[in-house]
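> So you can see what is in the structure, the chains are spelled out below.
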Amino acid sequence: MGKEKTIPIIAIILLLIGNFCAVYVHANQISKDTITINQEEYSIDQIFSIAEPKTIETDEGIKSGISLFDLMNKIGISCPTCNKFTFKAKDGYQQTVDLETLKTGILTDYSRIYFSDTAHALWVSDVVEIEVS
Amino acid sequence: MNKRLIVGIILFGSLWGFSEVIIGSTIADAGVPSGGIMTGFFAIPFLVFSRLMYRKPGMQLGMGLVAGSLRIFNPFIGCHVCSAIAIMAEGALFELIFYKISFDFRELKSLTTQASIGIVTSYTIFIGGYIVTQILTPIVAGSGFYLENLIFFMPRILSAGILPALIASITVPLIISAKKLDISIKDKLYYPTALSVSALCWILVISSWLLFA
Chain E
-17 MGKEKTIPII
-7 AIILLLIGNF
3 CAVYVHANQI
13 SKDTITINQE
23 EYSIDQIFSI
33 AEPKTIETDE
43 GIKSGISLFD
53 LMNKIGISCP
63 TCNKFTFKAK
73 DGYQQTVDLE
83 TLKTGILTDY
93 SRIYFSDTAH
103 ALWVSDVVEI
113 EVS
Chain A
17 MNKRLIVGII
27 LFGSLWGFSE
37 VIIGSTIADA
47 GVPSGGIMTG
57 FFAIPFLVFS
67 RLMYRKPGMQ
77 LGMGLVAGSL
87 RIFNPFIGCH
97 VCSAIAIMAE
107 GALFELIFYK
117 ISFDFRELKS
127 LTTQASIGIV
137 TSYTIFIGGY
147 IVTQILTPIV
157 AGSGFYLENL
167 IFFMPRILSA
177 GILPALIASI
187 TVPLIISAKK
197 LDISIKDKLY
207 YPTALSVSAL
217 CWILVISSWL
227 LFA
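Each protein sequence line maps, in turn, to chains E and A. Residue numbering for the first sequence follows the numbering used here, starting at -17 and increasing by one per position. Residue numbering for the second sequence follows the numbering used here, starting at 17 and increasing by one per position.
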């Protein structure tokens, strides 16, 4: 089969994969007002009443929220072996950080994670779950 | 590598980097999906046009390195590390895809094939750049790469490639048609113009950073 036929077939296959994934993402998008932390549900108001407020400086300016490290301590996650904290967004995006990075982070009242001094890829938006392992 | 080609790499790499920094950041600020738009409207046309014009292997890889470097010089908006990695990866992936296609695109006679190569190239380099960024950025940031994070995000990455693919299905045939005009520039005009335009791109990007940082 020549390139005149092969290239359009590959193009159609790629567009079908893209469209199928778009439908899958839309169907599996999580929509909820709470954040699951180690299988327990917390509302943003609850989280903000539990943890200490914290302000950090990022390369996008000053950001305010609650301290992630303090939140983990207050809800009883302080085991010495827990060193992986995975933040999951409603669209499937997720990032994992270690304890040292977590100490620099905040959670805002619009469910966004910020860290001072890290790549923006770690700043997860629309957080619906925090998994500790 | 000849002098004309090196200057071409600097010129097209600088134009690509300039558009990513200045136009891309403006589009992102407006809340529009800038990555896909930039790949379809700017990255792919620059890559295809330079391939047709210079017909030399390795040029697009060099352009990606120049454009990515320019992105690093302007970190005041968005994630400069992620963007720079994505741009460099796009240049490298373009080289891989076009390795088997002749430099004057003789195979791509019909409009359907031209639009299709636009879709294949744009979709592949966009999602490829996206995946490379998802792997390298956490490593560069020092937090480490976790495969499960990438796997869970793969459907979103694969769906995000549709927009740049559809844009490139229009821009690539237009670029191939534009090349038929057979523009040739004499060395006396080529070198000063190319280097001046490149320098202007770098000056504007760096000064925008100094002004707004």
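Treat the hints with caution; some may be incorrect.
[As the list claims (entries may be wrong)] If you want the footprint, here are the derived chain E segments under chain A, 3+ residues with CB under 8 Å:
1. 11 to 24
2. 78 to 91
3. 102 to 113
Just so you know, the hints here were simulated from the structure itself, not pulled from any lab data. Only a predicted model underlies this, so the values are computations on that prediction, with no experimental measurement involved. All C-beta atoms in this analysis are idealised placements derived from N, C-alpha and C, irrespective of residue type, glycine included.
> For each hint, tell me whether it holds in the structure or not.
Going through the hints against the structure:
Look at the stretch 11 to 24 of chain E against chain A: 0 of its residues bring a Cβ nearer than 8 Å to a Cβ of that chain, fewer than three, so the hint is violated. Check on the stretch 78 to 91 of chain E: 4 of its residues sit with their Cβ under 8 Å from a Cβ of chain A, so the three-residue criterion for coverage holds. For the stretch 102 to 113 of chain E, the stated coverage by chain A is satisfied: 3 residues place a CB nearer than 8 Å to a CB of that chain, which reaches the threshold of 3.
Hint check: a violation occurs at hint 1 only; the rest are consistent with the structure.
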